[in-house]
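Please build the complete structure, drawing on both the sequences and the hints.
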Amino acid sequence: MTVAAPAIANRTLSQEALINGLLALLPGSAVLTDPEDLRPFECDALSVYRRLPLVVVLPETIAQVQAIMRLCHTLRVPVVARGAGTGLSGGALPLADGVLLSLARFTRILHIDPHNAMATLQPGVRNLAISEAAAAHGMYYAPDPSSQIACSIGGNVAENSGGVHCLKYGLTVHNILMLKLVTMEGELLSIGSETLDSPGYDLLALLTGSEGMLGIIVEVTVKLLARPERAQVVLAAFDDVVKAGEAVGAIIAAGIIPAGLEMMDRLAIQAAEDFAHAGYPRDAEAILLCELDGSNAEVSEYIMAVRRVLTQSGATEVRTAVDEAERQLFWKGRKSAFPAVGRISPDYYCMDGTIPRRQLPQVLRQISQWSQEYGLAVANVFHAGDGNLHPLILFDANKPGELARTEEFGRRILQLCVEVGGTITGEHGVGMEKIDQMCSQFRSAELSQFHAVKAAFDPAGLLNPGKAVPTLQRCAEFGAMHVHHGQLSHPELERY
Amino acid sequence: MADLDSSAALQQQVQDAINTRTPLNICGGNSKTFLGRHPEGKALPVSAHRGIVEYDPRELVLSARAGTPLAEIETALSDAGQMLTFEPPHFGENATLGGTIACGLSGPRRPYAGAARDAVLGCKIINGRAELLQFGGQVMKNVAGYDVSRLMAGAYGTLGVLLEISMKVLPRPAASLTLIHECPQQEAIQRMSQLLSQPVPVDAACYHAGQCHIRLAGSEQAVKHAHEHLGGEVLEKAAPFWHTLREQQLPFFHSDAPLYRVMVKPDSAPLPIAGSWLLDWGGAQRWLVSDEPVAKIRERVAAVGGHVTCFRSHDSHDEVFATLSAPLLTIHQRLKNSFDPHAIFNRGRMYPGL
Chain B
1 MTVAAPAIAN RTLSQEALIN GLLALLPGSA VLTDPEDLRP FECDALSVYR RLPLVVVLPE
61 TIAQVQAIMR LCHTLRVPVV ARGAGTGLSG GALPLADGVL LSLARFTRIL HIDPHNAMAT
121 LQPGVRNLAI SEAAAAHGMY YAPDPSSQIA CSIGGNVAEN SGGVHCLKYG LTVHNILMLK
181 LVTMEGELLS IGSETLDSPG YDLLALLTGS EGMLGIIVEV TVKLLARPER AQVVLAAFDD
241 VVKAGEAVGA IIAAGIIPAG LEMMDRLAIQ AAEDFAHAGY PRDAEAILLC ELDGSNAEVS
301 EYIMAVRRVL TQSGATEVRT AVDEAERQLF WKGRKSAFPA VGRISPDYYC MDGTIPRRQL
361 PQVLRQISQW SQEYGLAVAN VFHAGDGNLH PLILFDANKP GELARTEEFG RRILQLCVEV
421 GGTITGEHGV GMEKIDQMCS QFRSAELSQF HAVKAAFDPA GLLNPGKAVP TLQRCAEFGA
481 MHVHHGQLSH PELERY
Chain E
497 MADLDSSAAL QQQVQDAINT RTPLNICGGN SKTFLGRHPE GKALPVSAHR GIVEYDPREL
557 VLSARAGTPL AEIETALSDA GQMLTFEPPH FGENATLGGT IACGLSGPRR PYAGAARDAV
617 LGCKIINGRA ELLQFGGQVM KNVAGYDVSR LMAGAYGTLG VLLEISMKVL PRPAASLTLI
677 HECPQQEAIQ RMSQLLSQPV PVDAACYHAG QCHIRLAGSE QAVKHAHEHL GGEVLEKAAP
737 FWHTLREQQL PFFHSDAPLY RVMVKPDSAP LPIAGSWLLD WGGAQRWLVS DEPVAKIRER
797 VAAVGGHVTC FRSHDSHDEV FATLSAPLLT IHQRLKNSFD PHAIFNRGRM YPGL
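The listed protein sequences correspond, in order, to chains B and E.
So the first sequence is numbered by this note's numbering: it starts at 1 and just counts up by one.
So the second sequence is numbered by this note's numbering: it starts at 497 and just counts up by one.
There's no promise every hint is true.
[To be verified] Just a few of them, taken from the derived set where beta-carbon distance is under 7 Å, the chain B residues facing chain E: (1) 174; (2) 201; (3) 386; (4) 421.
Think of the hints as simulated: they come from the structure by calculation, not from any bench.
Backbone N, C-alpha and C fix where the C-beta goes; we use that ideal spot for every residue, glycine too.
Written out as structure tokens, the structure reads:
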């Protein structure tokens, strides 16, 4: 689905006017138009969607971002913002007639304030770099998406990124205090404040996870937490994924909120073990990794309790990491699960549904049945603590029809997540990828409300158009293809 | 439970109000009428729409209709060894869940465990087109669509009628202990803000009547260990103290002078404004009883990057919340219009014209 940008000779007059306008605002090195220079920006980490933008701009100051936005607003040119390009839903997919605004040059940590437990950052600062800078004060930034080495805080805010510690420490929305935002009209807004709340509507919540549809984030103030005295991981093996799922509920019922609670199934365990040599039991049907943090004595107390619960839940083996090195190794296996699966299959497709935890056995059974029907293997990696499921569908894009079958399989999984009371995306965002599934998750009235919210920030509809929220027309077409229990969704719309 | 679901009737009442362009004043338990600006419009009582819809302690999620008494929810949670994370003030026996979320009120635990909005996972509302809408859900992680659920928290009912709310809940801590240190205000501010960068299980901190109160909560071991580390005298009747603080029943709050809620960075030095002060939220939320002119208070607080809300005994026809910048006010007006195009709901309760 690669679409070529118009060659320079074929540019329209208005496209020439845009590029000349941008060159008047920015140094030549910050305006890219050569197809070779545009190529690295053609996709985010969901590389099945690719498209070259008309032009890439690389501003360095907020004033430059404002000027770019004013120009684009005047010329009615759409803008797609991009952070580190690690997004998994095609949210930063460029538009062929649009500007791709990269925030890659906004990489400064502006201020770390341990006594108020906050840090102020430019949006291109990498997630992990925040914790590294805060470490000098014994503090860290809690959300840790698996791409944390590369992903940027601006992108984390746009996607409301999670990670493996969400159950105890929350998502991005729970860990930020203030944003600076440039609107499509070029206005600079302060959203939230350095105090714990701010007057007016909670725009901070509304903007977090808004996928670049409402504004360009040009500064972020995050909350820092004190680094716990100790963190320890318990690994438990099970001969049945259902037992592992039940053990998750049992730990929580015992009144313990682990810092992280992750589950992997057999295929994921084997791939991760071959890749990372983490010491996982290769013959297990499922493993749980349960991280506990806090004071030294507290962690010891929790480990005793968790080991007891796991054993009672039928674990075949329960192991506590003997030292920090082994703890890191246990996590390395989990955090490298995606690339590990990438090694055993030419391609894989990562899904991101969330379900109420009690539905886990049913959902895993159904996925396994579909896996056989489609002839496509699935490795399951699961943020078990908060119900966020990442089935990885293994396929070969070079085999005719296999991508289409994979996508259909994926759509059915997401549909199932909605049916059992969950959602089509826990942390990767809707972007381009799940735009049709939004029609299953929401009805016309809610989608219309979303469009109205967008119009409140971007009346001209120029920010990242076509992503995150489908048009009702699009849902009507999609709904016609997916009649569920004989019920057409969006019955009020004309069909064609 | 079907008889407790009055969403259809409420939807009809909203439709009627739209048809006749009658402004509505959404009323729960009437415990928070004193908050915000002067209520306008015909009363729309929602307290009959009540009842816990779903609660499975293992999922750490509770869903309840907006009119459900807060006390009923807290009892159900307590029976299962759990609690609301944000320790909401009730400000009256009839406090409802809907009113609590609409006013975005959180108690002493807020800086350490999150605000009311942080606990919100999903909601059902009626918007100003009389449409019944559902956002978010009953799962912790959900990034499908804009976060309208959290936008409702603290919107004072100006964007829609809350019908049902799903919230994240947590186990109650196994142990809790409150430590007291006698000290001047500046020292208390330092003590409380320094705790933010230390790995200690603090879940409330305030400064009142010359004493810094620090509440520890967690496992038995965690609390014991932190007590040894921090020292200080143990407060015997800690629970009633935090309760009376949360409910504004301490003698400090018994005054006819205006009460202001002053929000600043936690380590801000004592502010040069005449009146009496009580510092909660580790110094981040400061209560001020003062006869000083409100404009002067706002100016002094804004100078240190903070903001002020007139909380009690104020002129409710005046500005109650801090003024919004012109571009922010424009966004607010457009958002209000997107949810409530006929300006039916709680008109002017937050700001004139919203």
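Structure-based check of all given hints:
Using the Cβ-Cβ criterion of 7 Å, the hint placing residue 174 of chain B at the interface with chain E is satisfied: the shortest such distance is roughly 5 Å. For the restraint placing residue 201 of chain B at the interface with chain E, the shortest Cβ-Cβ distance is roughly 6 Å, inside the 7 Å limit, so the hint holds. A hinted interface residue such as residue 386 of chain B counts as satisfied when its beta carbon comes closer than 7 Å to some beta carbon of chain E; here the least separation is about 4 Å, so the hint holds. For residue 421 of chain B, the interface hint holds, the least distance from its beta-carbon to any beta-carbon of chain E being 6 Å, beneath 7 Å.
Hint violations for this structure: none, all hints satisfied.
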